[in-house]
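Chain residues, written in single-letter form:
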Amino acid sequence: MVPKDFLSHYGRQFGTLIGLLVLMLVLWILTPHFFTVPNLLNVAQQTSINAIIAVGMTFVIITAGIDLSVGSIVAFSGVVLASVLQAGLPVPLAIAVGLGVGLLSGLVNGLLITYGRLPPFISTLGMMSVARGAALLYSQGRPISGFSESFRLLATGETFHIPNPVIIMVLVYAAAHFVLTRTKLGRYTYAIGGNEEAASLSGVNVRLYKAMVYGLSGLLSGLGAIILTARLNSAQPIAGVMYELDAIAATVIGGTSLMGGEGRIVGTLIGAFIMGVLRNGLNLLGVSSFVQQTVIGSVIIMAVLIDMALKKQRT
Amino acid sequence: MNNVPMLEMQHIRKTFPGVVALDDVNLTLRKGEVHILLGENGAGKSTLVKILSGAYQKTEGKIILNGQEVEIRGPRHAQELGIGIIYQEFNLVFQLSAAENIFLGRERTNKLGLIDRKQIFESSQKILDNLGVKIDAFSLVKDLGVAQQQMVEVAKALSLDAKLLIMDEPTSALTDLEIKELFATIRRLKKRGVTIIYISHRLEELFEIGDRVSVLRDGKQVGTYPIADMTQTDLIRLMVDRDLKTQFPKQYAKRGEELLRVEGLSRKGVLDNINLQLHRGEVLGIAGLLGSGRTELARALFGVDKIDAGKIFIRGKRQKITSPRDAIMLGLGFLTEDRKSQGLIMTLSVKENVCLPSVERFSRWGIMDLKAEDQAAHQSVQELRIKTPGLSQKVVYLSGGNQQKVVMSKWLCRQADILIFDEPTRGIDVGAKVEIYKLMNRLTAEGTGIIMISSELPEILGMSDRIAVMHQGQLTAEFPAQGATQEKIMGYALGVSNGA
Ligand SMILES: Nc1ncnc2c1ncn2[C@@H]1O[C@H](COP(=O)(O)OP(=O)(O)OP(=O)(O)O)[C@@H](O)[C@H]1O
Ligand SMILES: [Mg+2]
Chain S
3 MVPKDFLSHY
13 GRQFGTLIGL
23 LVLMLVLWIL
33 TPHFFTVPNL
43 LNVAQQTSIN
53 AIIAVGMTFV
63 IITAGIDLSV
73 GSIVAFSGVV
83 LASVLQAGLP
93 VPLAIAVGLG
103 VGLLSGLVNG
113 LLITYGRLPP
123 FISTLGMMSV
133 ARGAALLYSQ
143 GRPISGFSES
153 FRLLATGETF
163 HIPNPVIIMV
173 LVYAAAHFVL
183 TRTKLGRYTY
193 AIGGNEEAAS
203 LSGVNVRLYK
213 AMVYGLSGLL
223 SGLGAIILTA
233 RLNSAQPIAG
243 VMYELDAIAA
253 TVIGGTSLMG
263 GEGRIVGTLI
273 GAFIMGVLRN
283 GLNLLGVSSF
293 VQQTVIGSVI
303 IMAVLIDMAL
313 KKQRT
Chain E
192 MNNVPMLEMQ
202 HIRKTFPGVV
212 ALDDVNLTLR
222 KGEVHILLGE
232 NGAGKSTLVK
242 ILSGAYQKTE
252 GKIILNGQEV
262 EIRGPRHAQE
272 LGIGIIYQEF
282 NLVFQLSAAE
292 NIFLGRERTN
302 KLGLIDRKQI
312 FESSQKILDN
322 LGVKIDAFSL
332 VKDLGVAQQQ
342 MVEVAKALSL
352 DAKLLIMDEP
362 TSALTDLEIK
372 ELFATIRRLK
382 KRGVTIIYIS
392 HRLEELFEIG
402 DRVSVLRDGK
412 QVGTYPIADM
422 TQTDLIRLMV
432 DRDLKTQFPK
442 QYAKRGEELL
452 RVEGLSRKGV
462 LDNINLQLHR
472 GEVLGIAGLL
482 GSGRTELARA
492 LFGVDKIDAG
502 KIFIRGKRQK
512 ITSPRDAIML
522 GLGFLTEDRK
532 SQGLIMTLSV
542 KENVCLPSVE
552 RFSRWGIMDL
562 KAEDQAAHQS
572 VQELRIKTPG
582 LSQKVVYLSG
592 GNQQKVVMSK
602 WLCRQADILI
612 FDEPTRGIDV
622 GAKVEIYKLM
632 NRLTAEGTGI
642 IMISSELPEI
652 LGMSDRIAVM
662 HQGQLTAEFP
672 AQGATQEKIM
682 GYALGVSNGA
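As given, the protein sequences belong to chains S and E, one line each in that order. The numbering used here puts the first sequence at residues 3 to 317. The numbering used here puts the second sequence at residues 192 to 691.
Excised from the complex, chain S in its bound form (with noise of 0.2 Å):
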């Protein structure tokens, strides 16, 4: 690829990873344990989760929908999942039982938005409640705790020295990316959030499509919960409240944009690191939660409005 077109292509990615490199600089500057080895992969680890079901919400919003679900099916999934562990099921299964059971919620949520016509943010913002509500009827509102290692490893292990959060979440971002750019998947996504009817007079399925990219956002939400459960060794119904946000904030300030049709997954990689290092660092410098809460919301804002300036400047 000659420069020119990867600076079309990236340069808005560009700028925000710029702003991440900065941001860790400040950071590195006002406390040294900041840029440690032991730190930057604790940050890569605590960022994964968000990260990954960041992935399902770029997706979703290049289509120009919304997924407001994804932390209330993190919550049904992950206790779904810890209560077949319990009963013994062996892992891999109780793995698939988890993200079988994101799948479908994601793809009822595709149903509803194509066939029952909704609005994505209203069919959503019911599946937000639902799945709620489902997490905590399922466990009666108790947590459900205590698993085997061997599932386990799969947060608190390592492969190589890099925890395996980490690992899991490059991988999603690969093929995310593949997927985006080399697939039909990719390719209709990005067309039916451009513009749904002229995709639909192209010969694109909207339907299908629109349907399994909100599958994909369950499914990596049921991914999501099967790292969490594994980490915390415990799956909690109240578990995931405000993820749906993250995702969003990670997506946007990642430069994907919220009339949909355009976006990067590098760039909501980078976004959710923007998240992840801010807290990271707040939290190292003692700064409080509630000023931390100001401090995200500001970054957010202040990320779009950088972005919109610079997109203005086209004319």
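In case anyone wonders, no lab produced these hints; they're calculated from the structure. All values reported here derive from a predicted model rather than from experimental measurement. Don't be surprised by glycine CBs; every beta carbon is placed ideally from N, CA and C. One or more of the hints may lead you astray.
Here's a subset of chain E near chain S, in silico, CB distances under 7 Å, partners left out [said to hold, decoys possible]:
1) T513
2) R516
3) I519
4) L521
5) G522
6) Q533
7) I536
8) T538
9) L539
10) L547
11) G557
12) I558
13) M559
14) A563
With the hints as your guide, set chain E with the ligands onto chain S.
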């Protein structure tokens, strides 16, 4: 006209990343003249007027309005300076009524700070009536036809009381009758001292309405001339820098087997018992007024709209087409009349748009062969001479005519052999039109069948083998193109003659 010019643009330069759109362009407007801007697709016409309307900022140069230098800061500022514009692409809010669109952003409020709806609707209705169009100010823009939407745009610009009114291809979506109405309005405006910049690719009409013409070529100025001194041939030569031998280079191909047969096609309230056939190697021209059901027929054939009755046979076999996807699988292609909302995905690149209907052709197990796709896109871009800095340029940054070529190339790339073209040459310059006609010749020679819907009767007469005319949802006549006349077509289109 010895007083100061109404507006002067001096040494205007405008660059975009990778593109020099305008280079040292000068333009002088006299008060009350209709000044034509002429040039090939991508020559820089729209860019030049967008600088006046505040949509773009010039890179270099000076603008002098009524003897004073001005910096046009943005669209609002331009409005305040008395510059109104009708863009090539519509800028209407489809969910709002005509009246609300006309006064969008300038809603007058009453004492309570509420929008004075009554006033808005009344003044809008007055402007629309003055334009001589039958549009109810209350009707939602999305329910209006393209031509009516265009008229709403005109009304919007007029309501501003502009001293300079810019029209970027206002007639490309209009039929002859509506063009007449528009011209009557322009003449009235002229009398009131309004200066007009008028962009169009329809050369015939320029002589009727224009005073002077400025020609652009590749972002550079060729010159400004009184239109009375020019002929069409002169203008074409100035624009494209070569002579065009003929406007309609029709070649008759061998009529082959039947590709498409439609029997008794009906859709309640829109299409009434349509029968037609299309054979390999032929162009079936479909004429008719706006709202006669031409586009609706195309949409029904392509599976966009449901049909209530009727049979469709493709290559002799009866088929049920319930979605565009079905239609495409059967070898149909549909070039829609509205490129912005139906033809293109503005956020995607030239390549991605060109190849969208063919994605399946380039993929196996869902994985795309990007090289093959690149090649195909490259070929299409060359074939239609689409002016773009590269395959990965977003289509939103192409000029209108080049966007239209992208829409057309989608179906060439797909290798569809039953093509439905709805206003295929809308917004395309004279030179490129001839190229598209030649392309149609080549396609028919290769055995493609083309249904061409067009409001330009010369195009229908010049490029069709057979002509069908629609009137109020019915096909009222069908006859060979050779020997037919505009009068004959209009007779059927208006429902005066009765044939079939
Ligand atoms: N926003 C933009 N970004 C990049 N390039 C642009 C942009 N707007 C226009 N261009 C380029 O500038 C050139 C002039 O475009 P312009 O729209 O002015 O042409 P035009 O004369 O109006 O053509 P047409 O007859 O096809 O409407 C084209 O090459 C076009 O691709
Ligand atoms: Mg233009």
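Comparing the hints with the structure gives:
no.	hint	verdict
1	T513	violated (12 Å)
2	R516	holds (5 Å)
3	I519	holds (4 Å)
4	L521	violated (11 Å)
5	G522	violated (12 Å)
6	Q533	holds (5 Å)
7	I536	holds (4 Å)
8	T538	holds (3 Å)
9	L539	holds (5 Å)
10	L547	holds (4 Å)
11	G557	holds (5 Å)
12	I558	holds (5 Å)
13	M559	holds (6 Å)
14	A563	violated (13 Å)
Hint compliance for this structure: hints 1, 4, 5 and 14 are broken, all remaining hints hold.
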